[in-house]
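Visitor: These are the residues of each chain, in order.
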Amino acid sequence: MPLKTSAKSTSILALCLMLSFGCSAIRRITPLEVGESSVGVSCGGPFTQLFGMYVPLPLLSLGYNYGMSKTIDIEAGLGVTQALFGIGELNAGVNYRPTVPAGWIPGLIISPAVYLTEDIDPISEFTMKNFRCYPDISITAWWNREKWWRPYIALENWFDLCSTRDDGLAQQEHWLIAPAVGIDMECGKWHYQIQGELYTPNLWNRGRGAHYLGPGNYGVFGLFLGASRDFGGGK
Amino acid sequence: MKTAQRLILCCVVIFFVIGCFSLDPFLFNPTKENSYSFDAYTGQKSCSNAPDSIAALEKSGIVENKYSTSDIHLYSLSSGGNTIAAVLLAADSILKPTDTLIVFFHGNTGNLDYYWPRIRLLFASGFSVLAIDYQGFGSSAGATTEQGLFSDARAAMKFAKEKLGNPHVVIYGMSLGSIPATEMASNDIDSQMIKFVLEVPIHSIATLTDDGSYLDIPRSYLSTYTSDNSEKIKKVKVPFFWLHGTNDETLERSTNGLPIWNNYSGPEGYYVEVEGGGHSNLPTVIGFGRYIKFVNDFVRGVKNPLFLSK
Chain A
1 MPLKTSAKST SILALCLMLS FGCSAIRRIT PLEVGESSVG VSCGGPFTQL FGMYVPLPLL
61 SLGYNYGMSK TIDIEAGLGV TQALFGIGEL NAGVNYRPTV PAGWIPGLII SPAVYLTEDI
121 DPISEFTMKN FRCYPDISIT AWWNREKWWR PYIALENWFD LCSTRDDGLA QQEHWLIAPA
181 VGIDMECGKW HYQIQGELYT PNLWNRGRGA HYLGPGNYGV FGLFLGASRD FGGGK
Chain B
1 MKTAQRLILC CVVIFFVIGC FSLDPFLFNP TKENSYSFDA YTGQKSCSNA PDSIAALEKS
61 GIVENKYSTS DIHLYSLSSG GNTIAAVLLA ADSILKPTDT LIVFFHGNTG NLDYYWPRIR
121 LLFASGFSVL AIDYQGFGSS AGATTEQGLF SDARAAMKFA KEKLGNPHVV IYGMSLGSIP
181 ATEMASNDID SQMIKFVLEV PIHSIATLTD DGSYLDIPRS YLSTYTSDNS EKIKKVKVPF
241 FWLHGTNDET LERSTNGLPI WNNYSGPEGY YVEVEGGGHS NLPTVIGFGR YIKFVNDFVR
301 GVKNPLFLSK
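Those sequence lines, one after another, are chains A and B.
Just so we're aligned: the first sequence equals residues 1 to 235 in our numbering.
Just so we're aligned: the second sequence equals residues 1 to 310 in our numbering.
Hints should not be assumed to be uniformly reliable.
Stated by the list, open to error - Using 20 Å as the maximum straight-line C-alpha spacing, the simulated SDA-like pairs for lysine to any residue come out as follows:
| no. | chain 1 | residue 1 | chain 2 | residue 2 |
| --- | --- | --- | --- | --- |
| 1 | B | K2 | B | G19 |
| 2 | B | K293 | B | L7 |
| 3 | B | K2 | A | L62 |
| 4 | B | K2 | A | Y66 |
| 5 | A | K189 | B | K293 |
Claimed, not checked - Take a look, some chain A residues computed to stay more than 10 Å from chain B by CB distance:
| no. | residue |
| --- | --- |
| 6 | P58 |
| 7 | A76 |
| 8 | L84 |
| 9 | I87 |
| 10 | T99 |
| 11 | W104 |
| 12 | D121 |
| 13 | Y134 |
| 14 | I139 |
| 15 | D167 |
| 16 | G168 |
| 17 | L203 |
| 18 | G209 |
Calculated directly from the structure, the hints in this document are not laboratory data.
Glycine included, C-beta positions come from ideal geometry on N, C-alpha and C.
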């Protein structure tokens with residue numbers, strides 16, 4: 001079956017999907033103190049058929065957070081894997097924490113962000129013709145049940161404002177969602193996270209060149225692992 | 001400070017490795033072979049039970065060309081500095097200028113062995129068939145690239161003209177093969193091309209990117225290849241036949257085949273929308289006998305009541 005059973009050919013397209021939810025797939029859960037910063041790395045991506053089996057693509061991202069106030073920190077991210085393939089992807093955003101956890105009542109994090117992408121292949125002309133900007137807002141609810149581990153759930157909302165795709169057809173999907181569930185584990189100044197994600201659970205995942213793994217041929221499962229270290233602050 | 005230095009070092013390393021890798025080779029899925037087994041091939045095949053059905057159909061008179069292994073003629077062609085494999089399925093290795101030859105450009109899986117039952121079906125429809133393995137596929141040397149596909153297709157067309165007696169040519173592209181097929185159909189003016197067929201075609205590389213991501217992501221992010229069949233089809237001036245399944249799980253009909261169909265402005269356009277058809281099983285879903293008749297009717301210009309037209 002052309003393309004469909006291809007072990008290799010699916011990865012090129014899975015990378016596309018990853019672009020949309022790539023850099024900040026793992027979001028900072030606990031608040032930073034004012035002036036405190038955090039540097040992290042995450043690895044993972046959507047499950048796609050590779051070498052005859054479904055695996056999460058090992059897509060590497062770097063992230064940085066800085067505490068502005070008790071309720072606000074800013075974040076930035078860089079897609080490393082994308083850069084290796086000549087795709088620049090930066091994201092910048094804010095994490096606003098209107099509430100903190102109290103017993104079973106979760107703390108909330110509201111995170112508006114923008115993802116900026118462009119060709120950065122050194123051998124191609126840098127024209128900004130292929131620049132894209134995708135706004136994103138995610139809402140996270142987290143619980144502080146134990147000091148060293150915290151479960152959370154999140155809903156990522158990705159927006160594509162383009163009316164026409166690169167191939168000239170109408171862009172049908174302007175609002176893409178990705179619910180996620182994860183655990184944040186704290187060990188001194190280090191945080192470790194594992195997060196499962198389900199991209200676009202409302203959209204059929206067949207007929208898209210890539211062969212994705214999702215429940216009932218809808219959506220795409222994703223898995224991410226992350227580690228970050230805090231700097232500064234009074235911990 | 002030490003952390004800052006590490007960060008700077010990391011950024012420098014990233015700067016120097018930016019764009020070091022290409023995703024282009026990931027588009028192709030060839031299987032190398034030193035030689036071909038054809039009928040004796042036991043691996044996965046497209047339309048694998050076609051040969052048995054053809055044998056049964058031969059008795060019913062639907063099949064115009066009766067097959068024997070002496071109809072297989074193997075060739076090596078030169079393309080882009082490499083040698084590529086070609087197989088001609090024909091009663092004679094030299095055709096008359098009034099004969100019709102289907103030049104078949106296969107999809108992205110395996111090699112000629114995988115598509116052999118399909119080649120047999122096309123032969124059964126009453127015409128000689130020439131098929132090639134692209135560079136990197138089967139016993140063809142080299143690595144597969146977009147320009148390589150074009151070069152390989154040109155080599156096949158040139159071979160048909162110069163070595164096979166310059167017969168009438170029907171270009172038939174399936175899936176990935178729609179890329180070299182449409183390139184030939186839109187540019188090749190030297191051969192005696194009379195008709196053009198696309199089965200489960202790719203709209204463009206940009207469509208692969210956009211469909212795969214659900215987003216408007218520029219093609220250039222993922223590939224340096226630029227093929228756009230829906231643009232090239234505008235230059236095709238021969239009758240055109242398009243087949244696509246409603247249940248294609250690889251190349252969605254509405255974003256791939258349909259834009260090509262919509263842009264075709266040649267003299268006669270026909271299509272068959274195969275209800276329940278997937279990406280590689282259209283002859284199976286249609287029925288081998290009916291598929292053979294579809295090809296025969298289109299090439300001979302017979303109005304088939306199941307064809308939809310512009």
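Visitor: So which hints don't hold here, by number, going up?
Guide: 1, 2, 5, 8, 9, 12, 13, 15, 16, 17, 18
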